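*Asks:* As a plain string of letters, each chain reads:
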Amino acid sequence: MKRVFALLALVSALGLIAPTVAQDKPAAPPTTATETTKADAKAGTVTEAVKAEEKKAEATAAPAPQPNKGDVAWMLTSTALVLMMSIPALALFYGGMVRSKNMLSVLMQVFVTFSLISVIWCIYGYSLAFTEGNAFFGGFDRLFLKGAIPDALKGEYAMAATFSKGVVIPEIVFVAFQATFAAITCCLIVGAFAERMKFSAVLIFMVIWFTFSYAPIAHMVWFWMGPDAYTDPKVVDEVNAKAGLIWQWGALDFAGGTVVHINAGVAGLVGAYVLGKRVGWGREAMSPHNLPLTMTGAALLWVGWFGFNAGSALEAGNSAALAFINTFLATACAVLSWSFLEWLFKGKPSMLGAASGAVAGLVAITPAAGNVGIPGAFVIGFAAGGLCLWGVNGLKRMLGADDSLDVFGVHAVGGILGALLTGVFNSPDLGGPGLVVDWVTAKTGYPGIGEQLWIQFKGVITTFVWSGVVAFIAYKIADMVVGLRVAEEEEREGLDTTYHGEAAYHG
Amino acid sequence: MKLVTAIIKPFKLDEVREALSGIGVQGITVTEVKGFGRQKGHTELYRGAEYVVDFLPKVKVEAAIKNDMLEQVIEAIEKSANTGKIGDGKIFVFDLEQVIRIRTGEVGAEAL
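Sequence order for the protein chains is A and B. Take the first sequence: its position 118, counting from 1, is numbered 118 in the numbering used here, and each next residue is one higher. Take the second sequence: its position 14, counting from 1, is numbered 14 in the numbering used here, and each next residue is one higher.
Please keep in mind that the hints were generated in silico from the structure rather than gathered at the bench. The structure displayed is predicted, hence computed values, not measured ones. Quick reminder that beta carbons are idealized off the backbone N, C-alpha and C, glycines included. Among the clues, some could well be false.
Claimed, not checked - Some chain B residues close to chain A (C-beta under 8 Å, calculated; not the full set):
(1) E44
(2) L45
(3) Y51
Said to hold, decoys possible - To list a few chain B residues with every Cβ distance to chain A over 12 Å, as calculated:
(4) Q39
(5) M69
(6) Q72
(7) K79
(8) F94
What the hints assert, rightly or not - The list that follows gives simulated cross-link-like pairs (lysine-lysine, DSS-like), each with its CA atoms no further than 27 Å apart:
(9) A:K458 - A:K443
(10) A:K346 - B:K2
(11) A:K348 - B:K2
The task is simple: from the sequences and hints, build the whole structure.
*Replies:* If you want it as structure tokens, here you go:
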């Protein structure tokens with residue numbers, strides 16, 4: 001075991017070093033990126049502005065924006081909801097689908113991965129994803145969250161930007177909210193290699209993949225300087241250049257179609273290939289051992305997803321409301337389409353199908369949540385149920401991988417569908433809200449379906465390839481260090497007793 | 001003495017028990033079992049994976065009885081466990097060599 005811990009430490013260290021090299025390129029000095037800069041660029045950060053005011057050095061300094069209590073309350077609630085999506089929701093959803101001898105191993109992999117990534121997030125993950133660096137990686141301004149609370153004694157808290165000018169939330173709230181996203185994304189991958197991967201290998205893989213795939217993709221898609229940085233038409237190009245690559249392209253991803261679902265789905269599929277099929281696959285029955293738990297998990301996911309999607313508005317306003325109703329509606333549509341299509345083609349509508357349909361709908365509406373209108377939610381929801389049903393049947397057979405719990409068929413397929421259709425149904429002609437085309441005046445518009453679809457497609461492909469390559473390397477490293485796969489006897493006996501020394505059920 | 005073993009549909013257990021106590025059978029032993037006969041199994045579908053379930057759940061009822069009760073017992077089980085559909089089960093009859101009541105040490109028919 002000592003070897004494993006030493007390795008985890010080493011891998012974490014590697015994660016810290018590599019981006020430093022990449023970070024050297026841009027000439028721009030790192031600033032506190034996610035903090036909302038005030039209307040006059042001279043003030044720099046909110047906290048500096050506060051200090052400046054206290055010193056009365058600059059009589060012209062406007063008062064720093066204060067967070068709205070409603071916004072903060074909603075974001076804290078959302079954060080807790082997203083935590084619930086991993087533990088217990090995702091753990092139960094997955095756990096119910098494996099055989100009873102592997103129940104605890106799945107719960108454990110999800111539980112510990114969640115905690116591991118949360119800790120890493122606060123050490124360097126957040127900084128790497130959400131501070132200014134280059135177009136691919138962030139910097140190290142917030143290592144150990146340094147600077148997020150400049151002076152606790154005086155009650156000085158750094159502020160994070162939202163999507164409205166002059167509206168901020170405490171940065172530590174944003175840190176916690178985003179921590180739950182990073183952690184659940186890694187937990188999602190567990191489903192693909194369930195029932196056969198060593199626990200130590202899971203943890204090593206997670207650290208490497210998180211560092212080199214989750215953090216950069218989150219940076220590329222979501223990092224920007226915030227609306228208040230756009231003070232004047234003259235600074236637009238300069239401010240845009242500091243944002244992440246995919247954000248600069250203009251790709252829309254409200255709550256993580258690319259960052260979370262395609263990212264995790266592809267990493268899962270690569271894992272299924274690299275690890276190989278479970279012993280007895282195709283010959284022995286590998287029926288879910290407890291579908292009531294799977295249903296409970298899916299239902300809790302649905303509830304938690306309101307935090308995930310509506311919380312991604314970062315404010316408790318119209319955008320959150322739109323994301324909320326879309327999350328409601330699209331999910332219900334997907335349950336219906338999956339169930340009825342299954343009924344039609346397979347003869348019987350199954351509970352597992354309905355639960356899977358709900359998750360497919362939730363996945364697909366994720367990038368679209370606040371970016372499409374009601375018509376978009378209907379179409380994306382119905383399409384997701386049907387397409388993901390194919391994802392776990394026809395597509396799965398074509399791929400030939402033992403993706404145990406269909407992480408690719410549901411999350412990557414649903415994520416790609418959602419990411420692409422977001423570009424289409426964002427169109428005001430199709431009931432969508434459009435997008436902000438000019439952050440100086442916050443003017444909305446829409447570039448055209450073809451153009452936006454192409455931008456979305458570029459985002460999808462980039463994420464797909466990036467995650468696939470990083471995942472492959474990460475599995476290979478874990479394999480070299482501790483070996484990926486459990487011994488055949490251990491696999492037959494089940495990972496609960498062989499790897500965790502306990503059994504889920506007695507009697 | 002005879003040992004009567006009946007494989008029946010699980011939901012018929014209560015009726016069989018009542019019928020047997022009704023004719024004076026002093027005790028039975030019940031086990032949940034799995035198996036197949038002419039009814040065969042069924043298929044279960046989990047997303048893309050289809051599994052043929054060969055063994056169906058059944059209940060095995062065992063009763064040790066005196067020779068003269070045999071016809072009555074068989075008739076009681078036949079009637080109470082019958083649904084007329086495939087998979088109603090079977091009754092097996094064995095000769096029983098010896099019975100001993102552990103508490104008192106009684107042997108043979110006395111111990112039944």
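*Asks:* Against this structure, judge whether each hint is valid.
*Replies:* Hints versus structure:
no., hint, in the structure
1, E44, "holds (6 Å)"
2, L45, "holds (6 Å)"
3, Y51, "holds (4 Å)"
4, Q39, "holds (19 Å)"
5, M69, "holds (36 Å)"
6, Q72, "holds (37 Å)"
7, K79, "holds (34 Å)"
8, F94, "holds (31 Å)"
9, A:K458 - A:K443, "holds (24 Å)"
10, A:K346 - B:K2, "violated (48 Å)"
11, A:K348 - B:K2, "violated (46 Å)"
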